[in-house]
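Trainee: Each chain, letter by letter, is given below.
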Amino acid sequence: MGNHTNKRREFLMTSLKMGVGLAVGSLGVFVPKKADAAIKNVPGWPAATFGKKTFHAAMVSAIGESDVAVSKKIHVSAPTIAENGGAVPVSVVVDWPMTESDYIEAVYLFVEHNPLPLTSEYHFTPANGVAYLAERIKMAKTDYIHVIAKTNTGKLMASVPRKVKVTIGGCGG
Amino acid sequence: MEQFGEPMIRMPSHAKKGSVIEIRSLIVDPMITGLVKNKAGIIPRADFIQSVTITFNDRVLTTAEWGTSVSANPYLAIKMRAETSGTLKMIWRDNRGRQWSTKAKLKVS
Chain P
316 MGNHTNKRRE
326 FLMTSLKMGV
336 GLAVGSLGVF
346 VPKKADAAIK
356 NVPGWPAATF
366 GKKTFHAAMV
376 SAIGESDVAV
386 SKKIHVSAPT
396 IAENGGAVPV
406 SVVVDWPMTE
416 SDYIEAVYLF
426 VEHNPLPLTS
436 EYHFTPANGV
446 AYLAERIKMA
456 KTDYIHVIAK
466 TNTGKLMASV
476 PRKVKVTIGG
486 CGG
Chain C
63 MEQFGEPMIR
73 MPSHAKKGSV
83 IEIRSLIVDP
93 MITGLVKNKA
103 GIIPRADFIQ
113 SVTITFNDRV
123 LTTAEWGTSV
133 SANPYLAIKM
143 RAETSGTLKM
153 IWRDNRGRQW
163 STKAKLKVS
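Protein sequence lines, in the order shown, are assigned to chains P and C.
Every number in this note's numbering is 315 more than the matching position in the first sequence, counting from 1.
Every number in this note's numbering is 62 more than the matching position in the second sequence, counting from 1.
Since the hints were derived computationally from the structure, they do not count as laboratory data.
All values derive from a computational prediction rather than experimental measurement.
The C-beta atom is built at its ideal place from N, Cα and C for all residues, glycine as well.
Restraint ranges, calculated between C-beta atoms of paired labels, are given here:
(1) C:Leu97 to P:Tyr459: 12 to 22 Å
(2) P:Ile354 to C:Arg86: 26 to 36 Å
(3) C:Leu97 to P:Glu380: 26 to 36 Å
(4) P:Glu415 to C:Asn135: 29 to 39 Å
(5) P:Lys355 to C:Lys99: 19 to 29 Å
The list that follows gives simulated cross-link-like pairs (lysine to aspartate or glutamate, DMTMM-like), each with its CA atoms no further than 20 Å apart:
(6) P:Lys368 to P:Glu380
(7) C:Lys165 to C:Asp120
(8) C:Lys79 to P:Glu415
(9) P:Lys355 to C:Glu64
(10) P:Lys367 to P:Glu427
(11) C:Lys165 to C:Glu68
Taking the hints into account, I'd like the entire structure generated from these sequences.
Mentor: Here you go:
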C-alpha cells in the first residue's frame with residue numbers, strides 16, 4: 316500500500332516536473348525567437364526610399380524628381396488581368412545599347428497605389444548585354460505599374476504606365 | 063513554419079561567344095510585409111529578402127534591391143552577354159541577417 320502511494324507520488328512529481336520543464340522549454344524557445352527577430356537592414360539598402368508611402372514621394376526619393384518623360388524604349392510586359400495580386404509576373408526590357416560608355420545603369424519598378432509603391436530597383440552593367448529583368452510582384456488592387464530607367468549619364472526615362480486588373484488583392488504575406 | 067532558402071539558378075551551361083543568355087533564379091522566402099495579419103490573427107514583423115547580388119567571375123553583373131512587395135518565393139531573371147567561360151554566383155540577403163548563395167558554371171566557345 317505504502318509502496319503504491321509512493322509510486323503514485325513519484326508519478327505525480329515526475330509529471331509536475333515535466334510540466335514545469337515543458338513550460339520552461341517553450342519559454343526557452345520563445346525568448347531566442349524574439350531575439351532572432353531583430354531587424355538588420357542590409358548595408359546600403361535604401362530604407363528611406365522603400366518606406367515612402369506615396370508614388371510621388373517614392374519617385375522623388377529614388378531618382379530626385381517626379382516628372383519624367385515617357386519613352387517608348389521601355390517595354391513592360393504584365394498580364395492585363397491578374398487573378399492573384401500576390402504574384403503578378405512582370406518583365407522589363409529597355410531598348411538601349413549596353414556599351415561601356417552608354418548603358419542603362421538602373422531600373423525602378425513602382426506600383427502606383429501599393430502601401431509602399433517602390434517594389435524593387437535593379438542596377439545593371441554593360442556585361443548584361445541587355446537591360447532585362449523578370450520578376451513577380453504584389454499588387455494590392457487594380458493599378459498601374461510604372462518603370463523608370465536611368466542611364467549611366469543620368470538620363471531618365473519613364474515607361475508608359477502598364478495597367479493590371481487585379482481580381483484578388485495581393486496583400487497577404 | 064515558414065520556409066527559407068534553397069536558392070536555385072537555371073541557365074545554359076554552354077553558350078556561343080557574344081550571345082546573350084538568360085539567367086533565371088528562384089529562392090524560397092515568405093517575403094513578409096509586416097503590414098497584414100497572418101492566419102493566426104497577428105501582424106508578424108517584416109521578414110523579406112532585401113538584396114540580390116549577381117557576379118560573374120567575381121565581377122558584379124547586376125544587383126537588385128527589393129522591398130516587401132516582391133512576391134513570396136521570389137523569381138528573378140536577368141540576361142548576360144557570354145564573353146568568357148566562368149562562374150556565375152548569386153547572393154541573397156534578408157533583413158534578419160540571413161544570407162544564401164549558389165553558383166552556376168558557363169562554358170563559352
